[in-house]
Amino acid sequence: MSLLDYFLGSRKKSAHVAKDRLKLILAHERSDGGPDFLPALQEELLAVIGKYIPVDKENIKVTMERRGDFEVLELNVLFPDQR
Amino acid sequence: MAKIVVVTSGKGGVGKTTTSAAFASGLALRGYRTVVIDFDVGLRNLDLIMGCERRVVYDLVNVIQGEAKLQQALIRDKRCESLYVLPTSQTRDKDALTTEGVTAIMDELRKEFDYIVCDSPAGIESGALMALYHADEAIVVTNPEVSSVRDSDRILGILAARSRRAEQGEEPVKEHLLLTRYSPKRVEGGEMLSLEDVKELLHTPLLGVIPESEVILQASNQGIPAVHMDHSDVAEAYKDMVARFLGEERPLRFVQPVKVGFFKRLFGG
Ligand SMILES: Nc1ncnc2c1ncn2[C@@H]1O[C@H](COP(=O)(O)OP(=O)(O)OP(=O)(O)O)[C@@H](O)[C@H]1O
Ligand SMILES: [Mg+2]
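Protein sequence lines, in the order shown, are assigned to chains Y and C.
Take 1 as the starting number for the first sequence in full-length UniProt numbering and just add one per residue.
Take 1 as the starting number for the second sequence in full-length UniProt numbering and just add one per residue.
No lab work stands behind these hints, which were simulated from the structure alone.
Fair warning: this is a prediction, and the values are worked out from it, not measured in the lab.
A few of these clues could be false.
[Claimed, not checked] Heads up, simulated BS3-like pairs for lysine-lysine below, C-alpha to C-alpha not over 25 Å straight-line:
no.	chain 1	residue 1	chain 2	residue 2
1	Y	Lys13	C	Lys174
2	Y	Lys23	C	Lys3
3	Y	Lys19	C	Lys11
4	Y	Lys12	C	Lys174
5	C	Lys11	C	Lys259
6	C	Lys11	C	Lys174
7	C	Lys259	Y	Lys13
8	Y	Lys23	C	Lys94
[What the hints assert, rightly or not] Away from chain Y, derived, C-beta distances all over 12 Å, residues of chain C:
no.	residue
9	Val56
10	Glu112
11	Pro144
12	Val146
13	Ser147
14	Ser152
15	Glu167
16	Met192
17	Ser194
18	Asp197
19	His203
20	Gly247
C-beta: ideal position from N, C-alpha, C; glycine also.
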């Protein structure tokens, strides 16, 4: 935007609006499957936790999601019933 | 080694068939033995764009169902010696393709051709998945427009997850971005996403930019692939794109608005 546009307070060009909208949509849609490193992280966590408590691969889940302005990394581990 | 290239997009009507015809013809013009396959079962179109619709006897589905031999279904292009078209069925539905059937055809074609170009249907369902499954490289056709960019992003995700290469843990499908129906004047005016914008959004190397042009309609009216429309921007842009695909360096052309000369402006043109 030129300085003149700025002072005249002209509206944003529509291509610019399109780009901003796409940035948001794509970031959101790409995060569905989570980042690439999640499977590896899950493997390693499984190995570490497994050293102390026996736990099955199916019982550990690592997810990452966006909540408002934060990325939340969530780790869920289901321990076998030890009674 | 034969290479399988899928022309895909997610969104419909962005120029996949136009591009498949031009790209396959361009490869053949460069001397490569090339076959272009229509995967859009039920909505046969490639034969029209290639100008061979009156010579279709058997199609892809006939071959898969064992009703015809592959050789009987292949149509030799009348402009390029080394180019063949494998049309699709007009009447069957999209579930007529089977994974085994398509795999068998690909294996047979691999022995005879350098390049196998697959014209994908729109969407992300079975037909599109079938078209991209065997791909070694993918040309993702995108228009500078929000829904097309979003769908391209989805197709890129699918290529990375559902292709044969992904399933078998091989090196991933090599992805190329082709921006079509580009209007430099509208980009300059801030009414259209620029090529830089789209490149940045999709993080995919740009193979070429095909301008919006009325020549495309003239070409499809006559059944002539766009690369053969001599002295036109689109023919040149498609030839550049083929050259880049083959590893040659070519500067981008037709991405700046045409400057109207002083006299032309004065007297109208
Ligand atoms: N560069 C261009 N300039 C102008 N018109 C174009 C251009 N490229 C394609 N078109 C037009 O856009 C329309 C759609 O093109 P085409 O059939 O190649 O798209 P497609 O992606 O194969 O569509 P579908 O998803 O239905 O298979 C056609 O009318 C075609 O003439
Ligand atoms: Mg098509």
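inquiry  = Tell me if the straight-line CA distance from Lys11 (chain C) to Lys259 (chain C) falls inside 25 Å.
reply    = violated, 32 Å
Quiz prompt | Pair hint outcome, Lys23 (chain Y) versus Lys3 (chain C) [Cα-Cα no greater than 25 Å] | solution = violated, 33 Å
Next on the checklist: According to the definition I'm using, a residue is off the interface if its beta carbon is farther than 12 Å from all beta carbons of the partner; does Glu167 (chain C) meet that for chain Y?
Outcome noted: holds, 15 Å
### Message
Tell me if the straight-line CA distance from Lys12 (chain Y) to Lys174 (chain C) falls inside 25 Å.
### Response
violated, 36 Å
**Q.** Beyond 12 Å from each Cβ of chain Y, as asserted for Gly247 (chain C)
**A.** holds, 28 Å
**Asked** Is the nearest CB of chain Y more than 12 Å from the CB of Met192 (chain C)?
**Response** Given that some Cβ of chain Y is not farther than 12 Å from that of Met192 (chain C), nearest at about 6 Å, it is violated.
Minimum C-beta separation from Val146 (chain C) to chain Y exceeding 12 Å: can you confirm that?
Per Cβ check, Val146 (chain C) is inside 12 Å of chain Y; nearest 5 Å; violated.
Check whether the Cα positions of Lys259 (chain C) and Lys13 (chain Y) lie no farther apart than 25 Å. holds, 22 Å
Problem - Hint consistency between Lys11 (chain C) and Lys174 (chain C) [alpha-carbon to alpha-carbon, up to 25 Å] - result: It holds: about 20 Å lies between the C-alpha atoms, which stays within 25 Å.
Next item on the list: Just double-check Ser147 (chain C) for me: nearest Cβ-Cβ distance to chain Y has to come out over 12 Å.
Entry: violated, 10 Å
Please check whether the beta-carbon of Asp197 (chain C) is more than 12 Å away from every beta-carbon in chain Y.
Contrary to the label, Asp197 (chain C) does not stay out of reach of chain Y, its closest Cβ about 5 Å off (not over 12 Å).
Against the 25 Å threshold, does the CA-CA distance of Lys13 (chain Y) and Lys174 (chain C) hold or violate the hint? Judged against 25 Å, a Cα distance of about 34 Å means the pair is violated.
Comparing the model with each earlier hint shows violations of hints 1, 2, 4, 5, 8, 11, 12, 13, 14, 16, 17, 18, 19; every other hint is respected.
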